[in-house]
Each structure stands twice: as structure tokens, then as C-alpha cells.
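Peer 1: Which chain is which? The protein sequence lines are A and B, in order. Each residue of the first sequence is one higher than the one before, starting from 95 at the first, in the working numbering. Each residue of the second sequence is one higher than the one before, starting from 95 at the first, in the working numbering.
Each hint should be verified, as a subset may be incorrect.
Each pair may be met inside one copy or between any two copies, as identical chains are not told apart.
[Said to hold, decoys possible] Simulated crosslink set (DSBU-like; lysine-lysine; CA at most 30 angstroms straight-line):
1) K152 - K111
2) K275 - K254
3) K154 - K217
4) K217 - K152
5) K254 - K175
6) K217 - K132
7) K254 - K217
8) K132 - K152
9) K111 - K132
10) K254 - K279
11) K279 - K175
12) K275 - K132
13) K154 - K111
These are calculated hints, taken from the structure and not from any lab test.
Protein chains: 2
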Amino acid sequence: MRSVRYLPAARPPVADKREAILRAATQVFARNGYFNSKVADIAHVAGVADGTVYLYFKSKEEILHSIFDRNAGEIIAEGRKLLGVLTDAREKLRRIATLHLERLGADRDLAVVFQVELRGSTKFMEEFSAAGLAEYLHLIREVFEEGQRAGMFRTDLNAKVVAKVLFGALDEMATNWILSKRRYKLAPMADQVLDIFLNGVSVR
Amino acid sequence: MRSVRYLPAARPPVADKREAILRAATQVFARNGYFNSKVADIAHVAGVADGTVYLYFKSKEEILHSIFDRNAGEIIAEGRKLLGVLTDAREKLRRIATLHLERLGADRDLAVVFQVELRGSTKFMEEFSAAGLAEYLHLIREVFEEGQRAGMFRTDLNAKVVAKVLFGALDEMATNWILSKRRYKLAPMADQVLDIFLNGVSVR
DNA sequence: GTTGCCTGAATGACGATTCATTCACAGCGC
DNA sequence: GCGCTGTGAATGAATCGTCATTCAGGCAAC
Chain A
95 MRSVRYLPAA RPPVADKREA ILRAATQVFA RNGYFNSKVA DIAHVAGVAD GTVYLYFKSK
155 EEILHSIFDR NAGEIIAEGR KLLGVLTDAR EKLRRIATLH LERLGADRDL AVVFQVELRG
215 STKFMEEFSA AGLAEYLHLI REVFEEGQRA GMFRTDLNAK VVAKVLFGAL DEMATNWILS
275 KRRYKLAPMA DQVLDIFLNG VSVR
Chain B
95 MRSVRYLPAA RPPVADKREA ILRAATQVFA RNGYFNSKVA DIAHVAGVAD GTVYLYFKSK
155 EEILHSIFDR NAGEIIAEGR KLLGVLTDAR EKLRRIATLH LERLGADRDL AVVFQVELRG
215 STKFMEEFSA AGLAEYLHLI REVFEEGQRA GMFRTDLNAK VVAKVLFGAL DEMATNWILS
275 KRRYKLAPMA DQVLDIFLNG VSVR
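Make the full structure from the sequences, and use the hints.
Peer 2: Given below as C-alpha cells:
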């Protein structure tokens with residue numbers, strides 16, 4: 095409930111400025127690249143003054159981190175939730191993959207930040223890797239091992255490598271999607287990837 | 095000081111400087127990231143003056159491009175050479191993959207530049223993509239289609255998607271390798287990837 | 001008039017690029 | 001040999017813009 099009826103534009107309706115800044119930053123970073131983006135641009139798009147940005151974030155870098163933390167956390171949490179609902183390992187992997195691509199496919203700017211901007215320096219990469227990627231790979235790996243125990247997946251495969259193969263394939267779908275001129279739906283690619291993948295790791 | 099001193103400036107065959115700068119830049123970019131690297135650092139590591147860099151390269155950006163062009167060209171050329179020697183599509187894919195990972199595994203700094211620095215902005219990404227990646231994906235795709243015609247690979251799969259899956263998996267192996275604290279050989283991972291991949295795309 | 005959010009001009013650093021200058025050497029006439 | 005001079009590669013200090021960040025107030029509401 096944020097209804098301040100009078101003073102149409104004078105009193106900014108307690109709008110969540112932090113939220114506006116994050117959204118603006120995602121767009122600006124996606125369009126210009128992190129290093130070429132000016133804090134002033136972000137402030138302008140968000141409709142606040144340059145200095146206001148520093149009331150909500152310690153630095154430009156912290157903005158990028160916040161974008162990552164917020165979204166990676168949500169994707170992984172949703173992924174884990176799926177595991178409770180489903181029982182079949184194949185189905186779990188399929189749903190996780192679809193969720194992954196649906197998320198990125200729903201917001202192109204966010205996808206660009208995730209696929210490109212967050213990878214642009216070993217420094218970010220290491221944090222990115224330590225933070226979200228490692229956990230995500232672990233999630234996939236757990237499900238795969240579960241499937242191995244159920245006699246569904248080949249036991250001669252290294253689960254860590256398997257997880258990277260699946261993640262790498264999905265990641266490439268996302269990267270190709272944002273770079274492509276053609277507009278197609280990203281999420282459905284998950285099924286094609288899983289088709290090849292599951293066929294490759296399943297017991298015959 | 096009329097006497098001939100055999101120190102840094104004895105008789106440097108001019109070509110060596112360009113080479114030295116490229117090598118130095120690969121190291122500096124890999125260590126600090128492209129945007130955090132100062133041209134002065136590159137010059138220092140290369141053992142030349144700041145200004146000298148501009149006798150060989152138009153700009154800092156051109157240095158990054160040169161690193162990419164030189165190496166991407168070589169990898170693809172070698173890949174195509176393999177196609178002439180081998181006949182079996184499976185074997186071709188296996189050798190291409192191994193070549194890919196061997197190349198990156200042989201020079202960690204170069205691998206960092208390829209896996210991380212070149213991806214750090216949509217601008218670079220688009221050029222990178224247009225230049226080498228598209229051609230590389232095409233190479234994989236051709237071989238796959240050849241295998242399809244030979245009745246070796248499933249014909250219900252989209253060759254473009256298949257190529258991306260394989261590339262994505264290999265790419266992830268490389269990225270994980272450079273971020274990993276543990277030191278292992280990269281090239282052998284190609285066999286594990288191909289095991290899953292070929293199993294997934296082959297006719298039963 | 002006080003509190004607390006906001007503002008945006010000013011500041012200070014930083015770093016890519018430039019360019020006036022140096023220097024080694026090659027050719028040349030003697 | 002021996003000066004003399006032209007050449008251009010190499011140098012690195014100075015330049016010039018460009019921002020991230022700061023901070024001295026402004027303004028609304030109570």
C-alpha cells in the first residue's frame with residue numbers, strides 16, 4: 095500500500111528507490127557494459143540524482159553484486175523447491191534447466207548482465223563462481239547422483255563433469271540467445287538440450 | 095658511453111617488440127582484467143616505453159583484438175586441417191575437441207583472455223562471436239551433419255543446437271579449469287565430454 | 001525548527017594518448 | 001678511417017578528458 099493521492103509528482107510516492115536503481119543499472123549495464131556505464135547514467139534512468147545512488151549502494155561495484163545476488167539467490171531457491179515436489183531425477187533436471195532458461199529468457203537485460211557483464215574479469219568471475227555457480231553445479235550434481243543410485247544414469251560417469259556439461263550447454267544456449275539477431279524463445283531450448291544430455295547419460 | 099653495451103637495446107629485430115607487447119598484454123590482461131590493465135603496465139612488462147606501444151598498435155583495444163585474431167585463426171585452421179586427414183565423423187569431433195582444450199590448456203594466460211576477458215562486454219562479444227565463434231560452431235555442425243548422412247548420428251536433432259551443446263560443454267570445461275584452484279590437465283576432459291555427447295547424439 | 005531524504009555541482013584521481021626530444025646508426029664525402 | 005648529417009625508432013613526462021565519489025545545502029513534512 096503506497097497510495098499518496100495528492101501531489102501527483104511532487105512527492106515521489108515512497109517508491110522503492112533502491113529497486114529503481116537496480117532495475118536501471120541492469121538496463122544500463124546490459125546496454126553499455128559495466129565499465130562503460132556511468133553512475134550518472136544509472137541515476138538518470140532511475141530518475142534520481144547522482145548522489146542518491148550512494149545513499150543505497152556503497153559503490154558502483156556493489157550495484158553489480160546486488161544484481162547478481164538477488165537473482166542468483168532466487169533461481170537457486172526456486173530450483174531447490176522443485177526438488178521437493180518431484181521424484182524422478184530426469185524430470186528434476188528437465189525442470190531445473192527449463193527454470194534456468196525461462197528466467198533468463200524473461201528479461202533480456204538481466205540475461206546480458208548474467209551472460210556477459212558478470213564474466214568480464216577474473217575478479218568478478220571468481221566471486222561469481224564461488225557464490226552462485228558452485229552452488230548451482232552442486233545442485234545439478236546431487237540430482238544426477240540420485241539418478242545414478244536409482245539405476246537410471248550411467249555409473250561410469252563422473253558426476254562433477256556431468257554437471258558441468260549440462261550447465262555449459264545451457265549457458266551456451268543463453269549466450270547465443272542474447273547475441274542472436276533472431277528473436278526466438280529461449281526456454282524451449284531446454285528440451286532439446288535435455289534430449290541429447292539425458293540420452294547421453296542414461297543407462298541403456 | 096661510446097662503447098657498445100649489450101644491454102636491453104643491443105640489436106633488437108624490430109618484429110620482436112610487437113611480439114613482446116602481445117605476450118606482455120596477454121599476461122597483464124589475464125592477471126588484472128582488460129579494463130583494469132594500464133597500457134603502462136603492458137609496456138613495463140614488455141620492457142618498452144609507454145609510447146612504444148603506440149608504434150605497434152593503434153589503441154589498447156587493438157591489442158586485445160590482435161591477441162584474439164592471431165590465436166583464433168590458428169585454432170580453426172588446425173581444426174580444418176584435421177578434417178582432411180580423418181574420415182570418421184566421431185573421430186573428427188573427438189580430435190577437434192581435444193585440439194580445442196589442448197590449445198587453451200597449454201597457456202593459462204591465453205585461456206583466461208579467451209574465456210574471461212573477451213567476454214566482458216557485449217561489444218567484444220559480438221565481434222568475438224561474429225569472428226571466430228560462428229565459424230567454429232559451423233565447423234562442428236558440418237561434421238555432425240556429415241555423420242548424420244552417414245547414418246551414424248540421430249537425424250531428429252537440429253545440427254545447430256547440437257553444435258552449441260558440444261561447444262558449450264567444452265567451453266565450460268575451459269572456464270572451470272581456469273577458475274579452479276586445483277591443477278589438473280584440461281585436454282583429457284575432452285574425452286569425458288565426448289563420451290556423454292556422442293552417446294547422446296548417436297543412433298542406437 | 002528539526003529531521004531526514006535528496007540533490008547536483010565540485011572535487012580529485014586516474015590513465016589513455018600525444019609529442020617534443022633523445023639517440024643509435026647508416027651513408028657519404030673526404 | 002673520420003667527422004658530419006639525416007632518419008626514424010624509442011622514450012616518458014605532460015596533457016586532457018573522463019568519471020566515481022563527496023558534501024554543502026534544499027525541501028517537505030511534522
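Peer 1: Give a verdict on every hint.
Peer 2: Checked hints:
| no. | hint | in the structure |
| --- | --- | --- |
| 1 | K152 - K111 | within (15 angstroms within a copy, 42 angstroms between copies) |
| 2 | K275 - K254 | between (34 angstroms within a copy, 15 angstroms between copies) |
| 3 | K154 - K217 | both (15 angstroms within a copy, 20 angstroms between copies) |
| 4 | K217 - K152 | both (18 angstroms within a copy, 27 angstroms between copies) |
| 5 | K254 - K175 | within (22 angstroms within a copy, 33 angstroms between copies) |
| 6 | K217 - K132 | both (20 angstroms within a copy, 16 angstroms between copies) |
| 7 | K254 - K217 | within (23 angstroms within a copy, 33 angstroms between copies) |
| 8 | K132 - K152 | both (15 angstroms within a copy, 25 angstroms between copies) |
| 9 | K111 - K132 | within (18 angstroms within a copy, 35 angstroms between copies) |
| 10 | K254 - K279 | both (29 angstroms within a copy, 15 angstroms between copies) |
| 11 | K279 - K175 | within (24 angstroms within a copy, 36 angstroms between copies) |
| 12 | K275 - K132 | within (26 angstroms within a copy, 34 angstroms between copies) |
| 13 | K154 - K111 | within (15 angstroms within a copy, 37 angstroms between copies) |
In terms of the numbered hints stated before, the structure departs from none.
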